[in-house]
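Asker: Protein sequences appear in the order of chains A and B.
Mapping the first sequence onto numbering that gives the first Met the number 0, position 114 (from 1) lands on 113, and the numbers just tick up by one.
Mapping the second sequence onto numbering that gives the first Met the number 0, position 247 (from 1) lands on 246, and the numbers just tick up by one.
Think of the hints as simulated: they come from the structure by calculation, not from any bench.
Take the hints with a grain of salt, since some may be wrong.
The list that follows gives simulated cross-link-like pairs (lysine-lysine, DSBU-like), each with its CA atoms no further than 35 Å apart [what the hints assert, rightly or not]:
no.: 1; chain 1: A; residue 1: K157; chain 2: B; residue 2: K22
no.: 2; chain 1: A; residue 1: K157; chain 2: A; residue 2: K167
no.: 3; chain 1: A; residue 1: K167; chain 2: B; residue 2: K77
Some chain B residues near chain A, calculated using beta-carbon distances under 7 Å [said to hold, decoys possible]:
no.: 4; residue: L98
no.: 5; residue: A182
no.: 6; residue: G188
no.: 7; residue: Q273
C-beta atoms are modelled at their ideal positions from N, C-alpha and C, and glycine is treated no differently.
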Amino acid sequence: MDDEDQQHRQAEGDEPLSLEQRRAARLTAICFVVAILAGVALFVVYFTGGQTQLEGILFALALGGLGIGIVIWGEQLLAAHEVEEDRHEFTVGEESRLALVESFEEETGPLLRHGARRSFLVRLLGGAAGALGLALLLPALSLGPSPGRGLAHTSWRKGRRVVGEDGKPIVFDSLPEDGFLTVFPEGADVNRADSQALLIRVPNGLLELSEEQLAGVPGGTHVAYSKICSHAGCPVGLYRAATRSLICPCHQSQFDVLRGCKPYFGPAARPLPQLPLGVDRDGNLVALGDFSGPVGPAFWHRVKRGRSS
Amino acid sequence: MSMVRRSVQYLDERLGTASFARKTLRKVFPDHWSFLLGEIALFALVVLVFTGVFLTFFYTPDARPTIYQGPYEPMQGKEVSAAYESVLRLSFQVRSGLLMRQVHHWAALVFVAAVVVHLCRIFFTGAFRRPREVNWLVGVALLLLAMGEGFTGYSLPDDLLSGIGLRIFYSVVLAIPLVGSWAAYLLFGGEFPAPDIISRLFVFHVMLLPALLLGLVGLHLVILVLQKHTQFPGRGRTERNVVGKRLWPQQTFKSVGLLFVTTAMLAALGGLAQINPIWQYGPYVPFNVTSPAQPDWYIGWLDGALRLAGPWSFDVFGFPVSEMFWPAILFPGIAFGTLTLWPWIERRFNRDQAEHHLLDRPRDAPLRSAVGMAGLWVFFVMFLEGGNDILAVMLNVSVENITRILQAAFVVGPFVVGAATYAICRSLRKSQIHPARATAGVELRRTASGGYETVPLEPTSSE
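Work out the full structure: start from the sequences and follow the hints.
Answerer: Now the structure itself:
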């Protein structure tokens with residue numbers, strides 16, 4: 000340590016601290032001590048097994064003590080008068096700019112002489128860059144399969160048995176009135192989202208469906224619709240027996256079960272497609288074909304089609 | 000002292016940075032509480048980076064199914080994805096893992112909130128005007144990236160709630176005219192739920208988006224330093240100077256203090272306030288759903304937009320245009336397009352080409368303030384509608400009526416709010432109350448004849 004520093008220190012030490020400065024120093028010291036204690040306590044808590052809430056509090060105390068201490072310590076600096084600084088121009092000015100443009104044009108000049116040849120070459124360069132750009136896009140096509148007809152079809156086929164989440168076939172008449180169940184095609188992966196359907200048993204004689212639709216409702220009571228909302232694709236998980244409506248919990252679209260699951264409130268625009276059902280010789284529910292239309296939200300290539308099998 | 004001198008000498012002889020460092024340390028920053036909002040966003044980002052790195056050491060970006068065998072009993076023996084399992088392990092078996100996860104999630108919410116409030120400050124004070132248009136663009140890009148980071152991160156645990164959010168996002172992509180189904184298949188790797196999406200989201204969340212985000216934050220700050228900070232008008236403040244405190248030591252003490260206090264708040268939140276308890280939601284199963292289901296707050300407006308819109312779907316040459324196109328693609332496009340282009344839109348109206356370093360108060364630009372408030376109102380209504388099912392239960396009003404009321408508020412509200420803001424700004428401007436100037440007031444004088452007279456005082460500053 001050289002002499003100058005020594006003197007400087009003494010000079011500083013000689014200045015008596017004001018009452019406020021002493022208070023600030025004391026507060027700062029308390030804050031830093033809190034931070035130290037919290038840090039030490041954090042060690043203890045961690046090595047004795049950890050506890051999320053305590054860790055949070057101790058972290059907050061350690062960081063907060065440090066932060067508030069620093070702010071109070073710096074407070075005496077903040078009392079310093081405001082200073083003024085010139086907001087000098089940060090642009091180089093018109094002249095320098097012109098010089099830049101000029102030198103740029105001068106350097107590139109030889110390339111750009113002869114108007115006709117220039118524009119021809121520049122166009123070719125653009126073409127080459129464009130072709131390369133398109134070629135570079137090609138690997139991106141490997142990111143996924145082509146949509147094809149995948150969105151239009153599900154795993155339901157004619158004669159496929161209807162099973163519950165546990166994979167067991169559903170026997171006709173096994174549901175109570177106003178009971179409902181999520182069902183899948185037998186043997187299909189339940190995590191393939193597009194096949195999920197809701198089987199609902201409604202009281203006899205209430206359904207107001209066309210002949211064609213009723214042909215897929217065994218007993219006039221066991222009706223099934225796609226469980227995928229036609230709006231944004233959420234599972235339409237809520238059944239309100241009082242109004243016989245299905246409600247999507249995501250955006251509150253509501254569908255009229257008795258009238259072909261036409262939407263009557265909310266953002267959905269299309270009915271939930273119906274799954275035509277029948278009963279096989281053993282009394283189990285089976286599908287008579289795929290859904291009456293593509294399931295889920297609208298998409299551009301969605302093609303209208305009749306009931307396919 | 001001599002150590003400082005030695006290190007300065009060492010660095011200057013090798014890097015020649017002493018004059019630059021001196022200029023930087025002496026740099027003057029104007030002082031106003033609202034200038035700290037952006038700093039809070041920056042500090043939340045610091046916390047996000049640190050906690051996020053910790054989380055990556057434990058997270059498995061893998062959708063493959065596995066049987067849960069950890070200590071959380073209700074989930075034992077159930078089939079969950081490896082991603083979900085790794086987040087449960089992080090939460091229950093890694094010491095201070097849950098704290099780090101919760102601090103990370105809270106920091107994300109605070110980060111986007113601070114960005115939005117900072118954006119409002121910039122907007123309502125006209126800080127985007129020439130020469131700061133470029134930094135405005137960088138800022139809007141940062142907001143979008145922040146929301147993208149939030150949504151991808153929220154989806155990573157592969158829990159039921161985030162899976163539903165992902166399903167909705169897939170449907171939104173599907174609703175893009177012409178290329179929707181292609182875009183959705185390429186992005187998700189096939190028909191939803193394709194297993195690739197989890198690992199792709201991970202790459203977006205920890206590499207692509209953070210690289211862009213941090214790069215743009217750097218650019219944001221470099222431009223800020225180059226152009227110098229704006230300041231509010233007041234005594235001695237002109238378009239040609241900067242009045243405030245120096246970077247060292249005043250601003251540094253303040254900012255470092257704020258960094259630690261922000262972090263402390265986030266640590267307290269992460270330790271004490273439970274957030275995203277994915278073990279309660281369960282793993283994502285395509286045919287399960289929770290109710291009520293709300294996303295994180297900064298996506299709430301978009302979910303609300305989807306609930307607010309009507310069943311407006313129609314065919315163009317036999318191709319269906321989804322009802323989701325309006326609320327989820329067209330509206331956000333217009334809203335964020337307007338936000339992005341605002342500096343140029345405003346210039347079309349007021350033909351103001353001048354450079355501005357002195358800030359407006361909101362009342363100084365009634366039209367801008369009116370547009371801004373109308374825009375905030377629209378987003379606020381959508382945000383409320385995003386919780387229409389919760390509001391319905393709380394207020395004992397049917398969901399249908401909540402939606403109808405908010406639909407009306409969405410259409411009529413912006414005009415009412417805009418007009419009211421305009422009127423308030425005009426009258427405030429007329430009243431001449433100026434927070435930056437000392438209150439002028441009146442002086443009471445005794446006249447020679449023994450009576451009294453009042454003399455209006457001059458404002459204490461000239462602009």
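Asker: Look at each hint and say if it fits the structure.
Answerer: To see whether the hints hold, each was checked on the structure:
Under the criterion of a C-alpha separation no larger than 35 Å, the hint pairing K157 of chain A with K22 of chain B is inconsistent with the structure, at around 80 Å. Pair hint K157 of chain A plus K167 of chain A holds up; C-alpha atoms about 18 Å apart against a cutoff of 35 Å. Of the supplied pair hints, the one linking K167 of chain A and K77 of chain B holds, its CA atoms being roughly 19 Å apart against a limit of 35 Å. Interface hint status for L98 of chain B: upheld, as the beta-carbon distance to the closest one in chain A is roughly 5 Å, under 7 Å.
Evaluation of the A182 of chain B hint against chain A yields a violated restraint, the C-beta minimum of about 9 Å exceeding 7 Å. Hint status for G188 of chain B relative to chain A: holds, with the closest Cβ pair at about 5 Å, below 7 Å. Here the hint on Q273 of chain B is broken, as its CB sits about 9 Å from the closest CB of chain A, past 7 Å.
Of the numbered hints listed earlier, those contradicted by the structure are 1, 5 and 7.
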